[in-house]
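**Student:** The lines below spell out each chain.
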Amino acid sequence: MGVDIGAIFKQEKIGYSDLKDRVIVIDAYNVLHQFLASIRQRDGTPLKNSKGEITSHLSGLFHRTANMIESRIRPVYAFDGKPHPLKAKTLEKRKIRKEEAEREYIKALEGGDLVKARSKAQQTGRLTDEMIQQSKDLLDALGIPFIQSPQEGEAQASYMVKKGDAYAVGSQDYDCLLIGSPVLIRNLTSSERRKLPGKDAYSKVFPKQIRLKNNLKILGIKHKQLVDMAILIGTDFNDGIHGIGPKKSLNLIKKNGNVENVLATIGAKDAPSFDEINEIRKIFLKPKVTDDYNLSWPGVDKENVFKILCDRHHFKKERVEPVLSKFENIQQMMKQKTLF
Amino acid sequence: MFNAKVKSEVLKGIIDVTSPLVSEVKFNINPKGITLRAVDPAHVAMVDLVVKNSAFDEFKATEMELGVDMDKFASIMRLSSAGDMVSLEYDEDTNRLIVKIGNLVRKMGLIDTAGMPDPKMPNLNLPAKVVLKASELNQGVRASEAVSDHLALTVDKDDFELFAEGDTDTVNLKLPKNLLIELTTNSKCKSLFSIDYFSNMIKPVRGEDPVTIMIGNDNPIRVEFNIAEDKGHVTYLLAPRIESE
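So the sequences go chain by chain: A and B. So for the first sequence, the numbering used here puts the first residue at 4; every next one is plus one. So for the second sequence, the numbering used here puts the first residue at 541; every next one is plus one.
Quick caveat, the hints were computed from the structure, so don't treat them as lab data. Cβ coordinates follow ideal geometry from the N, Cα and C atoms, glycine included. There are no misleading hints in this set.
Going by beta-carbon spacing under 7 Å, a handful of chain B positions derived as facing chain A:
no.: 1; residue: A582
no.: 2; residue: H583
no.: 3; residue: M586
no.: 4; residue: D652
no.: 5; residue: A779
no.: 6; residue: R781
Within a straight-line C-alpha distance of at most 30 Å, the following computed DSSO-like cross-link-like pairs (lysine-lysine) qualify:
no.: 7; chain 1: A; residue 1: K211; chain 2: A; residue 2: K251
no.: 8; chain 1: B; residue 1: K612; chain 2: A; residue 2: K227
no.: 9; chain 1: B; residue 1: K714; chain 2: A; residue 2: K340
no.: 10; chain 1: B; residue 1: K660; chain 2: A; residue 2: K166
no.: 11; chain 1: B; residue 1: K669; chain 2: A; residue 2: K338
no.: 12; chain 1: A; residue 1: K16; chain 2: B; residue 2: K743
no.: 13; chain 1: A; residue 1: K216; chain 2: B; residue 2: K612
no.: 14; chain 1: B; residue 1: K600; chain 2: A; residue 2: K220
For reference, chain B alone in the conformation it holds in the complex (with noise of 0.2 Å):
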């Protein structure tokens, strides 16, 4: 059973974060909430989403699983304004999720979940953690994306810092200790890593929001934020590129 009431940005939130990366997920539901665990068929990124009840204005459930087609979530989600409430409710019949916006009622078939994958998250060793607005790292990535396809990320003991290299044009952002919100770490640590991936990953939080990120040396990279007005909490990894040995 899952019966529940959210505001239309709750979900959006919940697609921006993972569409990006798969086009089918299984949502596993329980009567605290919502979580997910998806990789992208490259192998190269994971989603880890948790999402609290306390996120929807009413929400009751019984443990059960949601397969559902994100390109199709997601363009039925756009038929809904900021502010609208959205009411979900599974239809075992049919097994369709029946998606009232207003008066609009959108009956949306489910994907069979049995054979979807249940990822394990990898263990890592990520010594290097730094947390900062939003808004910074956005402001580089977006720079970077303009000369290269992918990016440096180093965290030393006083600075955190992202470069990127093209064939004529570099990008570079040192934020030193104190304009960052946390920098933790014994040694330097460097990793690079696609940018396509990475923006995808950082472009659902914005603005003063903290992002916390953990890196370590040639390894992948943990990015984290909360979604949901902190109801919800976003754990991405992305596998790093490697420099020519």
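In isolation and in its complexed conformation, chain A is listed as follows (with noise of 0.2 Å):
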């Protein structure tokens, strides 16, 4: 879910040939969220295998990947780890909401309203362990890397941009700019064509670059005072002041440099505890991450892509193959070598 800050920040428009050659660090639970809210029927069902099961992620993974692999894009996964103690209230009003849209989508099918059946069976998805354990066996017999964190996914791939390993987060999130990544890349897809949400039409869509300090720069205030608007309007760490969006929250915290004066001159009574404010800026200014990681496109195993994707769960093997020749492009991606 992440802040809702997207407001404020100024969003370029690029394309995938201007990541070519580049690494991008994806945000795993969020791309996989993705698909499973978007690859699905008109009337909301997810795509299945004949057992039932739900294939959407994978789906959705595999396209992805092949799409950026055939631009000469180097992606890799960064998987959420255990959640941060903070972040479990959130997490529990998710599955509440979840709980309610799916009772929601059955009314709404049985009512023969498709339109809100596919509206609210998007906001049911939810990503298993099992799913991500498909994903991560796709990814390696795909030949691409990933990485477990040990907390949260955004976190690992907005440190491994700031350390020079990669180019961009890639994710829908606003989190990793808060967490100091320099480029945050939106809607990684080079489909450009993109269901408007609760409608039944398309809209164009392109990836969008936002630099950090270009926007820090434009908005006049320092990396530590966008973790704190971001306390402000509310976080996936705490629920934010009432009545706070972006654009008011910038105004604050220029005018009175922190959260806690902001709150000492607004008075509000949702506001989190000093202790809090400072447990939550620990969790973007300083996240738990590993170094344990290495960056390599060994090649694709097509044997084992078709045991997952046609023997496991029945994809049609000739539409399979040729989007896995896609991933021949790895081979001729990594001859070229890098100065360090």
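Join these two chains into a complex; the hints should help.
**Tutor:** This is the structure:
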């Protein structure tokens, strides 16, 4: 989910070709959730194999990764580890919302309202441990590196970009900017077409690049203050102050310097305690990350991919084959050495 | 402090050698001139640039850094014509570069240089050296662009060879030692390079001007030439491509 802060950032439209030869660390949970939500039939039923098991995540991961490799982008996936205790509340709330959406989905289906059914179904997607394991197995077979983060995947991803091992984080969430990733890329899809939520219409989408330093400069704030802004708006780790959105938050932080001073001025009842504030700051500014990773793209194991997608999940072989051929580009791609 | 007057061509030359590789650069300014070293985001190529103060018509500076958005700077310089005198002045209070072209005053916001990397020049063992006319190399690279995305450079005792091979077409440019300005090597050296990168590196040098290239076996290439009437010097490094194992 992440903090709702996008409105204040300058976002540059880019294309896949701008990312050629670059390493992009993708927030795996974020993108898999996207696939679960969007890869569905008109009435909201997700993609399933003949045993009735959901396969939307595998289809999305396979096609998205193939398109990146075809454009000579080097993807790496960072998976979430154990969530921070402060996130438990958010996760619990999400679970309740999903159960609610599930009930409404069934009601809409029974009432024959397909548009509503689809929109409700999109909110029900649950990423199970099994789906995560299947996704990792598929990446292994495709020869795409992935990293198990100690905590948040996007924190790990941001750390790797900061370190210079990758060019950008790929995620829909703005949280990695709070963590300090120099570059965020949203809409990391080449299809340039996305269904508008709740409408039976499509819009053209382009990858958008957001550079942290540039934006801080434009906004006239320090990185630390961006985190404080987010705490006022609400993050995955706190609820935020009622009635404060990105623009108001920016003004308040600029005027008062930090969250504590803002709270002293506006006196909000629903404010987090100073201890909580410091803990949330720590989550963003000093996240738990690991150096235990190895970025290499050894190439695809075709037999294994067929085994996972066709034998195990009943994808049609003739539809897998042409997509799989895009991965032959990996060998081509890896022929270009780097200076360091 | 930085205050300079310089011909439009000199600045355009600086832009030509850096902007294909990096969009944001840190210029290091000191009383002797301007230096810059940057690596492209994929870490495939490096540019190292030194421009002496004598390349400028006027040059007054103390040691400082200028963070420049090269796309923006390039679009400003397109407002000038060949022969125009351009004045540059750093405005410390607003952190802007004031660019004056004729009666036009363009104030350009600068980028924060804190956190911009200072890449080190890697130690390379490149035993083969060739100096040749830019036009000869340009012709071979232009021809190769049409048939492949990479080319092979070979230096042997008696000649320098450029070779590119596509699915159906090939390009071969063989220059014997007597047509080269200089050739030094003890053994045959061969490396492959991406044409995209390589062609961007040699585009800024034209005609009779000499280009120095140094290669090894499956090692980076070092490309050097002068700009700004020999008062500026450019060094590029480009990582090789490796043939299928």
